[in-house]
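J.: Residue numbers (the numbering used here), protein chains in the order written: chain A, 169 to 395; chain B, 17 to 198.
Just so you know, not all the hints are guaranteed correct.
[As the list claims (entries may be wrong)] Short, incomplete list of chain B residues facing chain A, as computed with Cβ under 8 angstroms:
#, residue
1, A73
2, A121
3, I192
[Claimed, not checked] Stretch-level coverage of chain A by chain B, calculated; a stretch enters the list once three of its residues show a Cβ under 8 angstroms from a Cβ in chain B:
#, stretch
4, 177-189
5, 268-277
[What the hints assert, rightly or not] Some chain A residues flagged as far from chain B (calculated, every beta-carbon gap over 12 angstroms):
#, residue
6, A225
7, Q254
8, A285
9, R332
10, A342
11, L343
The set of hints was computed from the structure by calculation and includes no laboratory data.
We treat Cβ as the ideally placed atom computed from N, Cα and C, and that holds for glycine.
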Amino acid sequence: MPTTPAAGNRVVLGTAGILLILGAAVATADRLGATDALPAQLRPGIPHRDTVIADIAAAHQSWLLPAAAALALLAVLLGALLLRAQLPARRTSARLQISDPEGRSLASLEPAVLEHALEDRLEGVPGIRRVDVRASGSVRELRLRAVLETAPDAELRRCVPRTRQILHEDSALALGTAPRAVDVLVRVAPAAPRRRDASLVPGVPGSAHGAPAREHEVAPMPAREGS
Amino acid sequence: MRSSPTPLVHRPARKPAAALLGGAWLVGGLGGAWLLITRMTTGAWPEQAAAPIAALAERSIGSPAVAAASALAAAVGLLLMLLAVLPGPRDGRQMLADEVPGVTAIPHADLARHLRARLVQVDGVHSARVRVVPSRARLDIRTEVEDVDQVRSEVRAAAEAAIAELGPSPAPRLRIRVRGAR
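From just these sequences and the hints, can you work out the full model?
T.: Here's what the structure looks like:
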C-alpha cells in the first residue's frame with residue numbers, strides 16, 4: 169500500500185523557510201542599522217555591520233569550527249533522511265489470520281492470495297481492461313484498494329459499482345467479515361490513435377505504417393473501443 | 017511520516033521541493049564537512065578552496081555580497097514557506113458514491129478521457145479536446161457543420177449527462193468552445 173510523506177515534507181519545508189527568513193531578516197536589520205538601537209546585552213550574537221568575517225571567526229575560533237563541522241554533518245544526515253523519505257515506501261503485507269468466534273486461529277492467508285483471487289474474479293466485468301487489487305490491515309479491519317483501468321467508452325456507472333460490490337461481497341465471503349473500506353481508483357485508458365482506426369476503415373487512404381489502405385480492406389468495419 | 021495509506025485523491029506532496037532541499041543539504045553538508053574537518057585536522061583550508069575562503073573572510077557583515085546572499089536566502093525561504101503552507105490543487109475527485117464503505121475516485125486526466133470518449137460520439141463533432149482541472153472542465157470542440165450553436169447545445173447536453181452519471185464531487189463547471197467550419 170503506498171504511503172505519502174506529504175505532511176512531513178511540508179513541516180520540513182516550512183521550518184527551513186522560517187529559518188532562512190529569520191536569518192535574512194537579522195542580516196538585513198543589522199545592515200540597515202536597526203540592531204544598533206538594541207541594548208548591548210540584548211544582542212550578544214549579532215556582530216556590527218562593519219565587522220569583517222575573518223575577525224568574527226578569529227574571535228570564536230575555539231568553538232566555531234567544531235560547531236560548524238557538527239552542523240555540516242547534521243545537514244548531511246538530515247539531507248539523506250529527507251531524500252530517503254521521498255522514495256516509495258515498501259509494501260508491508262502482514263498475513264491475514266482467520267479465527268473462529270472463540271478466537272482460535274483457523275488459518276492464515278497471504279494478502280497476495282486474496283488479491284489475485286479478487287483480480288481474477290473482476291476480469292470478466294465488462295469495460296474493465298486491467299485491475300490491480302491491494303489488501304491491507306487485518307481480517308476484522310480489511311482495507312481493499314483497487315486500481316481499475318477501463319476502456320475509454322466504458323459505462324463507468326455500471327462497471328465501477330459492480331466492481332466495488334464484487335470486492336465487498338467476495339472478500340466478506342472468503343474471510344467471514346466485511347471489509348472496512350473498499351477504495352477504487354478509476355483510470356481510463358487512452359483512446360486508440362485515430363490514425364490506426366482510419367487504416368482499418370475501407371476506402372480511407374493511408375495507414376499507421378504508411379501501407380496502402382487496400383491491404384486492410386479484408387478487415388470488417390470494426391466497432392473499436394474509443395473510436 | 018509513513019504510517020497511513022495515501023488517500024485516493026490527494027494534494028501535492030511537495031516531493032520535488034523536498035528532494036531538492038534534501039539534496040542541497042546533503043551536498044552542502046558534505047562540502048562543509050570536508051572543508052571544516054580538513055581545517056581542524058591540518059590547520060589549513062584545502063588548497064582548492066583557500067582562495068575563495070580568503071576572499072569571503074575579508075568581507076564585512078554589511079558588504080553588498082552579504083546583503084545579496086541574505087536577499088537570496090529570504091527569497092528561497094519565502095518560496096519554501098509558500099510550498100509548505102499552500103495546499104495545492106487536488107489531483108482528482110471522488111465520484112459514484114454508493115452504500116459499499118470506501119470511496120471511488122478518478123484523476124482529472126482520466127475524467128477528461130472519459131468525457132472526450134462521450135463527446136466524440138455526438139453528431140457533428142469532428143474532434144474534441146477536454147481538459148479537467150479541480151473547478152472546471154474545458155471542452156474544445158471542432159466541428160465541420162455550420163450550425164455551431166446546435167453542436168454546442170448537444171455537446172453541453174452530452175457532457176452534462178456524462179457528469180451527472182458519475183456524480184463527481186465537486187462537479188466541474190463546463191466551459192465549451194466550439195470551432196466550426198469556415
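J.: Now, for every hint given, state plainly whether the structure supports it.
T.: Consistency of the hints with the structure:
no.	hint	verdict
1	A73	holds (4 angstroms)
2	A121	holds (6 angstroms)
3	I192	violated (20 angstroms)
4	177-189	holds (count 12)
5	268-277	violated (count 0)
6	A225	violated (7 angstroms)
7	Q254	violated (5 angstroms)
8	A285	holds (18 angstroms)
9	R332	violated (5 angstroms)
10	A342	holds (16 angstroms)
11	L343	holds (15 angstroms)
Hints 3, 5, 6, 7, 9 from the earlier list are contradicted by this structure; the remaining hints agree with it.
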